[in-house]
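Sequences are here, hints too, so could you generate the full structure?
Protein chains in written order, with the working numbering: chain C, 2 to 397; chain R, 85 to 459.
Everything labelled a hint here was simulated from the structure, so no lab data went into it.
Nothing here was measured: the structure is a model prediction, and the numbers come from that model.
We put the beta carbon where it would ideally sit given N, CA and C, even for glycine.
Take the hints with a grain of salt, since some may be wrong.
Said to hold, decoys possible - Computed footprint of chain R on chain C, listed as stretches where at least three residues anywhere in the stretch have a Cβ under 8 Å from a Cβ of chain R: (1) 27–39; (2) 127–135; (3) 368–382.
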Amino acid sequence: MNIRTDIIKPPKQDIFKSGKFRSIVVQIIVMVLVIGSIGWIINNAATNMAANGISHGFAFLWETSFFDIGYLPFIEHTASHTYFNAFIVGLLNTILVAVLGIFLATIVGFLVGIGRLSNNWLVARFCGFYVEALRNIPLLLQLFFWYHAVLRVLPRAKNSLNFGDSFYLNLKGLFLPKPIPEVGFNYVLLIGVFSIISIIFLYFWSKKRQALTGQQFPVFYASLAIFIIPVLIVSFLNNTPMYLEDPVLKGFNFKGGIRLIPELVALLLALSLYTASFIAENVRSGILAINKGQIEAANAVGLKRIPILRLIIIPQAMRVIIPPLTSQYLNLTKNSSLAVAIAYPDLVHVFAGTALMQTGQAVEILAITMSVYLTLSITISLLMNWYNRAMKLKDS
Amino acid sequence: MNNQMNQSVKKPPVINIGVIAWLRQNLFSTWYNTILTFLGIYILYVAIPPFFQWAILDAVWSGEDRTVCEWYDENKVKYRAGACWLYIKVWFNFFTYGFYPDELQWRINLAFIILAIATALLFIPNFKNKHYVGIFLFAVYPIIAFFLLSGNETLGMKHVGTHKWGGLFLTFLLGSIGIVFALPLGIVLALGRRSKLPVVRILSVMFIEFWRGIPLITVLFFAAVMFPLFVPQGIEIDNLLRCIVGLTVFGGAYMAEVVRGGLQALPKGQYEAAQAVGLGYWRMMALVIMPQALRIVIPGIVNTFIGLFKDTTLVFIISLMDLLLTVFTSMSNPDWMGFPFEGYVFCALVYFVICFSLSRYSLRVEKKLMVVHQK
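Given below as structure tokens:
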């Protein structure tokens with residue numbers, strides 16, 4: 002019996018219907034469309050810019066800027082400085098707000114988040130109200146509220162709100178004492194660094210010893226002692242080579258100390274309180290995510306309250322909290338650009354605002370501004386990813 | 085006998101039941117809780133009565149002009165009543181419609197009534213033809229709304245330029261962009277990001293990460309300053325349109341990540357089953373994957389929408405008159421200067437009511453979804 006082989010021969014491959022061919026065609030079409038439209042846009046932009054007489058290139062960065070910036074905590078900028086200098090000033094002011102804001106928002110956020118889980122009914126309600134109120138109102142509105150409504154009703158410099166003769170709050174801003182190092186401060190710094198290094202060694206030693214023998218060492222108190230005692234002794238020997246310079250009222254304004262301008266205070270208040278409401282929610286859900294059995298097991302093993310918090314609750318909660326926390330930090334950094342609304346001299350206000358208006362080089366300036374924010378975003382998320390990996394469950 | 089037994093069953097001490105027990109457990113359980121409670125009561129005592137006095141008791145609700153709220157006696161000493169809600173009342177029309185001509189405001193109202201009816205239909209649980217309503221809302225309604233709002237001379241409706249649009253109406257309009265345009269863009273981008281084709285995937289990732297990495301302010305700056313450069317000469321792009329494009333790409337990038345979450349959460353079996361039935365890519369996505377993925381991420385979509393809605397306040401940067409900017413503008417009116425608290429409280433209340441109810445809705449959906457999953 003012959004089997005007819007010809008009818009079960011595989012059918013001839015039609016290359017137009019094969020998946021591979023189709024995917025290549027689709028990709029080529031997408032490429033052509035994207036490159037084509039980008040080319041069209043660039044072409045249009047070039048003709049438009051030529052027609053309007055807008056110069057291009059980054060040479061403008063080295064030209065004199067002809068504008069002053071009022072608030073300069075770090076470096077100087079006057080009308081005779083270059084645009085590049087203005088860019089650096091704006092960038093530093095943005096970073097200043099972002100760092101301070103992240104610091105404050107984290108503290109407030111954790112406090113409120115834990116407070117919401119408090120067994121004190123009133124505290125839990127307070128924190129719940131805080132979260133719901135602040136996260137449902139636009140940040141810009143809050144910023145305007147702090148800046149135009151609250152900080153405007155502050156008294157003039159003469160009648161400043163006085164907090165212990167060191168902190169003053171008035172229409173011109175918040176004045177803080179400024180730490181000023183004197184001769185001999187270097188020794189204190191040196192001994193401080195040395196103490197920190199020995200604390201790190203102590204930490205690893207005690208960890209190793211615990212792993213070997215099971216004996217615990219009071220690392221925390223020992224570290225405190227190692228840090229505080231030598232530093233105190235050395236600074237005492239050098240007649241405390243640092244003093245706090247209090248701001249003093251002279252004429253119509255304060256001299257000395259650190260001045261935070263009202264724009265900065267308003268921006269910090271708005272940014273950190275707003276972001277804190279989101280962080281609080283992340284913290285709450287992180288703590289709620291811990292299995293109850295974990296805490297019961299820790300109790301059963303005989304751990305006390307603080308070790309339970311430090312060894313069981315925080316490490317596990319942090320694992321849940323960190324990823325959303327990262328995006329909150331990113332949001333805060335990006336939201337700091339709202340500074341432009343109250344004329345705090347941040348990157349957007351100084352560079353994408355004033356410098357853009359003066360030079361008209363929108364493409365270059367916006368490209369620089371956007372890449373700064375992209376770099377900041379990517380840096381923060383890389384750092385956080387690294388931390389996240391370090392905190393992750395390790396299977397071994 | 086029976087009586088005796090009853091007597092031997094002692095009632096729990098008063099201190100362990102009812103209000104007292106509740107107070108003890110929830111307010112005074114430890115010494116630091118007691119301190120916190122007293123501190124809280126003190127804060128309430130300091131904050132609530134004066135606010136109540138200002139906002140309700142001493143408030144001015146009606147009158148002619150600002151002299152009802154603020155007046156001087158013969159010695160030129162300034163007196164001030166509580167909250168001047170009259171100020172809100174006087175400006176209410178401006179806060180709602182911006183500079184839109186009074187006699188044409190019925191068109192805005194009509195557009196909103198249509199929208200409200202269509203949206204209400206979507207929320208009726210047993211309504212059958214929901215997908216027609218959906219198509220109407222996403223495809224037909226924007227066109228109707230555009231003609232109603234902007235007017236058309238050939239149809240005999242007076243034209244109203246977008247520079248006159250403003251107030252709460254503009255805020256709603258910009259907010260709805262977040263759903264009507266950004267969500268579809270987000271779906272496309274999410275599919276692109278999950279695509280097997282490397283070119284499509286890389287382009288989508290770049291697009292999403294770029295717009296997510298920069299602040300909305302720079303996006304709007306970009307839209308305001310650069311878009312006019314990108315189109316051939318002689319074409320004028322409307323200011324509002326620039327803003328809408330900016331909001332759409334920005335919102336689309338965020339929506340894409342939400343939708344991607346839904347796509348990833350679906351079990352692989354759903355994809356395989358759809359392919360086994362013989363569905364191609366688009367039909368698999370449209371009929372099997374998307375309906376499930378989108379349903380999972382409704383809370384995420386609503387939350388992103390809330391974020392976008394709050395972010396629409398940033399359009400001040402290209403001087404569009406949204407609710408916040410109308411309130412802000414009214415504050416600098418010489419006849420009504422000096423009532424910033426009233427303005428901000430009103431504005432905050434409007435945003436709060438909208439965002440809070442939306443977030444409650446998303447929470448409810450989330451709980452409902454959890455129950456479905458547990459089944």
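These are the hints, each one checked on the structure:
no., hint, result
1, 27–39, "holds (count 5)"
2, 127–135, "holds (count 3)"
3, 368–382, "holds (count 6)"
Of the numbered hints stated above, none is contradicted by the structure.
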